[in-house]
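Here the structure of chain P is known, so what remains is to put chain H in place on it, guided by the hints.
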Amino acid sequence: MLRQCYLIGNKSLPLVGITAFIMGLVLTIQLRPSLLEYGAESQIPYIVSYAIIREIGPVITALIFAGKIGSSIGAELGSMKVTEQIDAMEVSGTNPFKYLVVTRVLATTLMLPILVIISDGISIMGSFVGVNIRGVMSFQLFFDQVFRWLNFSDIFPAVIKTFFFGFSVGMVGCFKGYQTSRGTEGVGLSANSSVVISSMLIFLIDLIAVQITDILGFN
Amino acid sequence: METTNTILKESSLHVSTKPIISIRGLKIAFGSNVVLDGFNLDLNKGESIVVLGKSGSGKSVLIKCIIGLLTPDAGEVLIFGEDVLKMNHYQLDQVRARLGFLFQSNALYDSMTVKENLEFPLRRHWIKIDQKKVDKMVIEALTNVGLAHTVNMMPSELSGGMRKRIALARTLILRPEVILYDEPTTGLDPVTGKEISELMVEIADHYQTSAIVISHDMRCVRRTAERIAVLINGKCYAQGTYDELKKSTDILIKQFFDT
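Protein sequences appear in the order of chains P and H.
Quick note on the numbering used here: the first sequence kicks off at 3 and runs consecutively.
Quick note on the numbering used here: the second sequence kicks off at 443 and runs consecutively.
None of these hints come from the bench; they were simulated from the model.
Just so we're clear, the structure is a prediction, and the values are computed from it rather than from any experiment.
Among the hints, erroneous ones may be present.
Using 27 Å as the maximum straight-line C-alpha spacing, the simulated DSS-like pairs for lysine-lysine come out as follows [what the hints assert, rightly or not]:
| id | chain 1 | residue 1 | chain 2 | residue 2 |
| --- | --- | --- | --- | --- |
| 1 | P | K100 | H | K677 |
| 2 | P | K100 | H | K557 |
| 3 | P | K100 | H | K570 |
| 4 | H | K557 | P | K13 |
Pair by pair, the computed Cβ-Cβ distance ranges are [to be verified]:
| id | chain 1 | residue 1 | chain 2 | residue 2 | range |
| --- | --- | --- | --- | --- | --- |
| 5 | P | Q213 | H | M595 | 27 to 37 Å |
| 6 | H | Y532 | P | F158 | 42 to 52 Å |
| 7 | P | I20 | H | L527 | 48 to 58 Å |
C-beta atoms are modelled at their ideal positions from N, C-alpha and C, and glycine is treated no differently.
One chain only, chain P, in its complex shape (with noise of 0.2 Å):
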């Protein structure tokens, strides 16, 4: 279990960590022409780490996650279906479903929120340096601009919906792996399903998430 939240954790970190550095600053930089109009340039903190905390940061982090994370443990699990390890494992009195299944669900539902705090704090980061390219603004300023309106309701309902990510992401690969047939082309196939049914279930899990949340109020 321990080992399957490292290597997720670890295999998705570096394009996790890349992905969010350039969607903060982008988000910046193409934010900042409309706000200069404003005269409302001093917000840009504030509404970039907002929309990256609220819905941006999970939602893109849980895509990359599924396509990381998702194909590989649909391809993975796949593989060894067709090759009979997962007969084998049942065959050495190893419960295949508890081994291969529950570590991996669990793995990925606990490793995809710490990714998306991660992924949130790098993309603020690479806000800052968007601030910076164009104007200067100090990292003392900067965020206290990010954390003067930012408050708990803000980020609870976002860290939460991240554990549905996970557990989605996690149980479609799973899943997709398990009922592999037809050998190698099933693999890919299983592989290939993974991301789409994952990445299909994130923006369902998130859009039943925003009706929650604004039900009980956190917006």
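Leaving out everything else, chain H in the frame of chain P:
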């Protein structure tokens, strides 16, 4: 069916009278495709039976029903006198520890070293062995198949024949009383195939194991079979020794020996 009865009567190769595996009226179908349709077979202690049949005739399905990986629609599989189909998970695991299964694709765990692969069957929670003993068992099993030097290698670094031997070592590590071989020489060149067949015979002699071998490789069949059961149309069509069946005039049996 006349052929079947004649050969069954004439066959004199029975090492012991009480079967350790007894399959009765086994039936299994996948949708409308009936694979096994009332298959019967007995395996006696110390005996080596080859189940001979064409590709897709249900040989692998049969062996997977024996080990409990597939559940048949009807019939019974008695192993050491107990019906596998009526066992709970724990009982099935206890029986599986007394059986070895060599998979057609070897089924070595890609992400583990050879040593970890061999240790895997010893992870059962009810087996308590200290690490020193485990290390000794691993080396002994690898030495038996002539590959002690591969202990820290990954399966991807091994050739097809070596992988088969490692898989056999993993099967042997719990000293099974019966080994089920699923197409042990498929995909191997004739020389390696011969080596594996000879290794199977050596193992049977050395460890006094019984075996059910699924194969359509006639060279392997000739070397390893004390008795052959021919699987045709989901039934045990005929049984006998290699020489007995070779002399058969039945066209369905002759086709295996004419190649």
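Output the numbers, in ascending order, of every earlier hint that fails for this structure.
The structure conflicts with hints 1, 5, although it agrees with all the remaining ones.
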